[in-house]
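Peer 1: Since the structure of chain A is already known, use the hints to place chain B on it.
Line by line, the protein sequences give chains A and B.
According to my numbering, the first sequence is numbered sequentially starting from 1.
According to my numbering, the second sequence is numbered sequentially starting from 252.
Some chain A residues near chain B, calculated using beta-carbon distances under 8 Å:
id, residue
1, L84
2, R85
3, T200
4, L209
5, W211
6, P212
7, L221
8, F225
9, L236
Covered stretches of chain A (chain B as the covering partner; in silico rule of three or more C-beta atoms under 8 Å from a C-beta of chain B):
id, stretch
10, 66–74
11, 201–207
I should point out that these hints are in silico values taken from the structure, not numbers from a laboratory.
The structure displayed is predicted, hence computed values, not measured ones.
A virtual CB, placed ideally from N, CA and C, is assigned to each residue, including glycine.
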Amino acid sequence: MSDPILALAVFVACAVEAVEALTIVLASGVTRGWRSTLEGAATALALLAALVLAFGPAIAHLVPLGALRTVVGVLLLIFGLQWLRKAILRATGYRSLHDEDAIYRREVAELSSIPRSRGGWDATAFTVSFKGVFLEGMEVVVIVITLGAPSGRLALAAAAAGAAVLVVAVAGLAVHRQLAEVPENAMKMAVGLLLTSFGTFWLGEGAGLSWPGKDAAILALLGFFSIVTFALVRLLGSDQRAEPEIREEAA
Amino acid sequence: MGRYLKAFGRFWWEFLVGDTPEIALGAVLVLGLAFWLDEDRILATILLPAAVAALLTASVLRARRG
Chain A
1 MSDPILALAV
11 FVACAVEAVE
21 ALTIVLASGV
31 TRGWRSTLEG
41 AATALALLAA
51 LVLAFGPAIA
61 HLVPLGALRT
71 VVGVLLLIFG
81 LQWLRKAILR
91 ATGYRSLHDE
101 DAIYRREVAE
111 LSSIPRSRGG
121 WDATAFTVSF
131 KGVFLEGMEV
141 VVIVITLGAP
151 SGRLALAAAA
161 AGAAVLVVAV
171 AGLAVHRQLA
181 EVPENAMKMA
191 VGLLLTSFGT
201 FWLGEGAGLS
211 WPGKDAAILA
221 LLGFFSIVTF
231 ALVRLLGSDQ
241 RAEPEIREEA
251 A
Chain B
252 MGRYLKAFGR
262 FWWEFLVGDT
272 PEIALGAVLV
282 LGLAFWLDED
292 RILATILLPA
302 AVAALLTASV
312 LRARRG
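Same shape as in the complex, but just chain A (with noise of 0.2 Å):
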């Protein structure tokens, strides 16, 4: 019952975050050349699999159930929670929207002005690369850990975060830009919802709970926090439409 919600919740996380590495990889493989560039792409995805892999079933075997539901169940509530807010305060313009032209933009002129090496390899494109891929792929690999080793479907979520990342590379490559185009708060907005509902679900088993409905009760969480999620939406948005300047803040 869960796991089609599952995939699609670790699929859209990783989605997102591959849209973001895959800015600042155009950018360093436009300005600095594709090898390097791809390398240390190719060395961060590798790590953060030998991550899922070396972490994702050690948790699940070594740790009780019940103590890892409530540990995951606070963690998933927290990233929700954050996600969540964030994509608010974009959607009624108390944040700046994740601007992802302006960040190929502002990589490209920064890469553009560090001087080249003289040999084939090129430091400066493996690490941005490798930084880029790394650093936004942390927060997805804790995302297939802790909604995959509690339910025991450590497998489904690795799958889900790769088919993502698949996707997003292809897309990428094919259109060779980045792919501003991509309602990237949308997807963080839907990704909050799913996490924290997620999240009450298992902290609320971890504590000894039985939801009624069982799995279902994540589908009602769901509802009930999208409800909640639009109507703080619509009351921000009516109060930032009563004030004309919109506060930027830095992304």
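Peer 2: Below, chain B without anything else, positioned relative to chain A:
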């Protein structure tokens, strides 16, 4: 070694707390509420989502003021 541990600790602090300490603290309070209510299934089913919704609302309103 100490420098790496400090950087590791700072990474996780930024990751979990960052600029939203109210969310991290609130999540722990919701957990406490869940354990406190574990005897009362109906009340817990109502109060846990309500507490999470209140936490989200408080955090968003705090950001709007800030």
